[in-house]
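Starting from the given sequences, assemble the full structure and let the hints guide the process.
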Amino acid sequence: MDFVGNHILSVGQFQRSDVNRIFSVADRMRPYAMRKRITRVLEGAIVSNMFFEPSTRTRVSFGSAFNLLGGEVRETTEVKASSLTKGESLYDTARVLSGYSDVIVMRHPEAGSVAEFAAASRVPVINGGDGPNEHPSQALLDLYTMREELRAQDRSLDHLRIALIGDLRYGRAVHSLCKLLCLYDDIHIHFISPPELEIPEEISLQLRNHGHQVTQFHRLEAGIHGVDILYVTRTQEERFPSQDEADKYRGLFRLNESIYTQHCEPNTVIMHPLPRDSRAQAQELDEDLNQNPNLAIFRQTDNGVLVRMALFALVLNVVEEVDNHAKPVTWFTAKRNLAEKM
Amino acid sequence: MDFVGNHILSVGQFQRSDVNRIFSVADRMRPYAMRKRITRVLEGAIVSNMFFEPSTRTRVSFGSAFNLLGGEVRETTEVKASSLTKGESLYDTARVLSGYSDVIVMRHPEAGSVAEFAAASRVPVINGGDGPNEHPSQALLDLYTMREELRAQDRSLDHLRIALIGDLRYGRAVHSLCKLLCLYDDIHIHFISPPELEIPEEISLQLRNHGHQVTQFHRLEAGIHGVDILYVTRTQEERFPSQDEADKYRGLFRLNESIYTQHCEPNTVIMHPLPRDSRAQAQELDEDLNQNPNLAIFRQTDNGVLVRMALFALVLNVVEEVDNHAKPVTWFTAKRNLAEKM
Amino acid sequence: MDFVGNHILSVGQFQRSDVNRIFSVADRMRPYAMRKRITRVLEGAIVSNMFFEPSTRTRVSFGSAFNLLGGEVRETTEVKASSLTKGESLYDTARVLSGYSDVIVMRHPEAGSVAEFAAASRVPVINGGDGPNEHPSQALLDLYTMREELRAQDRSLDHLRIALIGDLRYGRAVHSLCKLLCLYDDIHIHFISPPELEIPEEISLQLRNHGHQVTQFHRLEAGIHGVDILYVTRTQEERFPSQDEADKYRGLFRLNESIYTQHCEPNTVIMHPLPRDSRAQAQELDEDLNQNPNLAIFRQTDNGVLVRMALFALVLNVVEEVDNHAKPVTWFTAKRNLAEKM
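Chains as they are written, first to last, in the numbering used here: chain U, 22 to 363; chain E, 22 to 363; chain A, 22 to 363.
Hint data in this document are derived by calculation from the structure and do not stem from the laboratory. A hint or two may mislead.
Because identical chains cannot be distinguished in the list, a pair is counted as satisfied if it fits within a single copy or across any two copies.
[To be verified] No more than 30 Å apart at the CA atoms, straight line, and that leaves these computed lysine-lysine pairs for DSSO-like:
| hint | residue 1 | residue 2 |
| --- | --- | --- |
| 1 | K356 | K107 |
| 2 | K269 | K200 |
| 3 | K107 | K200 |
| 4 | K200 | K348 |
| 5 | K269 | K107 |
Below, the structure written as structure tokens:
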């Protein structure tokens, strides 16, 4: 695809070459995200961060990514703070806001709303999550992290063996990730979920049609051996018809150090789209894994900044200019970088 | 008036020469708002955007305007996020915040509150709307848009023929606009509203005293012919004594393409202070007009950025410095500018 | 202590030399806070302002301080806007956010939460208030203000005579201030409170152990003579077991111009951590004192910016670089500085 001036709405937009392009730009963002140097390439540019659904991680990650490129962030964080409560259409909001901004990131609880908004916008729109539907930057940062983690083991995304664990029915991160995996060759996928929360049949079928090996499991221990990556997810409680319904599944699958050691291959990478639910009754990913060097969950969120910087740089067409606006870092960063080497 | 260091609280502050001054500065802001170039003239300056009432449009517009001049924005968006809930007076809040900021924009639900706040502030305060009372930057951007739209037809604000439509009783945008129209000559005004929501008598009288022609209508079709501009407003539901009372008037007047074509002169400009209420039962300005080239509602909001940049530049006394801090734009802007030419 | 790369969690961290260091850096920040010139030393750096409890003053003060050093602010203002509502631990939030930020300011309603958060952060964390526990930047700005006010009278913090007035039981500002006063010599302290809201015995004891003179009073007039500084506080209603309980104490002690003139020495400085409760039934510090030149409450909040700039500069190790990134101010500031001379 041509990124310049275009919207990022769905992982379905991408060919393998597009994903490669995003990842190679993300690589080039690393010195800035690690504060080896700063860049001012987007000095004077404004992103509108429109979050009509609660979010800390995604919102701050996009905002920081834009700041790291030198741009400014204008933010809206609640439906009730918005003209939408006065009956304004997404069309109007988009036309108006695109007059104030150079690029817009939008999260909204309704599937399809971001695409509707983008159709009326005069500047590029990046989907920050539209309800149960899509969250493309999450899928990209997940895949980018897999590539990085495998590369450290001299392997590539082709021939990847991965277990996807938890609420596979409502988890949009998993759905988007599966679509991206269809761009690669010979993937072995273990779907591990309660019977009622299995991956939708159409996604499973799509993967098989691409020649991937798909196996279903209903017990955690049964599916976590013989894979390179464990991708654990929380129960998407807010997508369930009722809290009672959601409560049934909370705490059903719990990965901890003991189960990991007993069942996984050495160096099996542990991922999670976060937030993980650390309340006693949930704990799908136990905190006793926090010191495990294969726990990649914080490398994932760090990578999120790289991928989001890449998306901004691509749609605003400044990739080749980033380094031309570089400057040295003035402040203390030693502990951050120490931590990143861990 | 002398703008430097002074508050912008009411349209009543302005002489015709003041409005001309604001508009000529707004004209000079256009290349920056259109991202032809950037300026860093307010680098290091801070605006406090204090919004004690929900707002997206006005808040983001002021914030973006300040960013476009190179300054930083600190924002407060809810009464409950504020010390006001702990019994702090506006006097104290103003004294404190003016120590953190170089200029303050304030919206507050109570009439007169912004003036009270400004009296204690050590830095210029711009009224972003104080309840039913004033919203001077809205009136200015409306009038600026009228001047621009008429100029495209080789006409000026003098001798303007305008229809003001909808809730004329509670609409502060209409009230402020009427006060500004008193600065011009020979205006013909059609007030079109339900009998219960007529323009307050004092405003009508004020216009007549300036020699303007005022006519009242209670039917939409009766009043929209023979004018240059239709200024449509929504019912200000939040200002009504009750929701039931407000519901009576919703959807009473609906301008759409068919009525427009049948009753208006060609090139009659359509304006609206936004948000327009696009819910089925309201629709005071139908979306079937969205492709009509005379629909100026998004040019209005775009102009809002120019006018707000002008206000900041004037009160902070940097008008003559703006171009001296200009730099080229690094990023892709072609689609934005294409849209602006539409 | 070594400031570089370290957290600021409690006043208990500081030796007298540390406080002196902070104050001497704060002094050097004055030209920037007064807009005599700007600095860009933290250009490209990002602070995450995490406020899980309502705050205007502290939040905007930290944000503005960071902006004044040239850095960018990413902000989160409500618990419900956060992943914490999805069961995320402070550990996870800290690890994630420290990947987006160069320094984090955090306010949280629970005592100890900020320290827990800081333990997992890879970047310095500054405590912006953790419930009833600590609020170190407030204590520092209070003490800095005392030093400044006394210096204008050619005196120093040693041998200070101070009256602390109001809710001494729940007021964390008072508690932290008392700990700092233990770093100085020969302090005379009058604690003035209702019997039920006396200063905790351990704090009183700590002061006595440092050789300070401590006297308790239950009547305002009895304790306000013979001191250099009156430090008035509001009832910390949100810390009381019930509103009824809190209501008992509201309005019990009220300092006004008449009481001040009758009982205080000339030039007795009046301070208050703000917000003061100006509702008719409270008014612990009457607005009729607003013109009294000894009312230092707004000099206090102005000083807050200096102290917070100093903390940022120290933990990020840019103190010696600040002046090297200075530029002239472009905009009108005359009224601000006039006010500051008052």
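Hint by hint, here is what the structure shows:
no., hint, in the structure
1, K356 x K107, "between (48 Å within a copy, 29 Å between copies)"
2, K269 x K200, "within (28 Å within a copy, 50 Å between copies)"
3, K107 x K200, "between (37 Å within a copy, 26 Å between copies)"
4, K200 x K348, "neither (39 Å within a copy, 42 Å between copies)"
5, K269 x K107, "between (38 Å within a copy, 16 Å between copies)"
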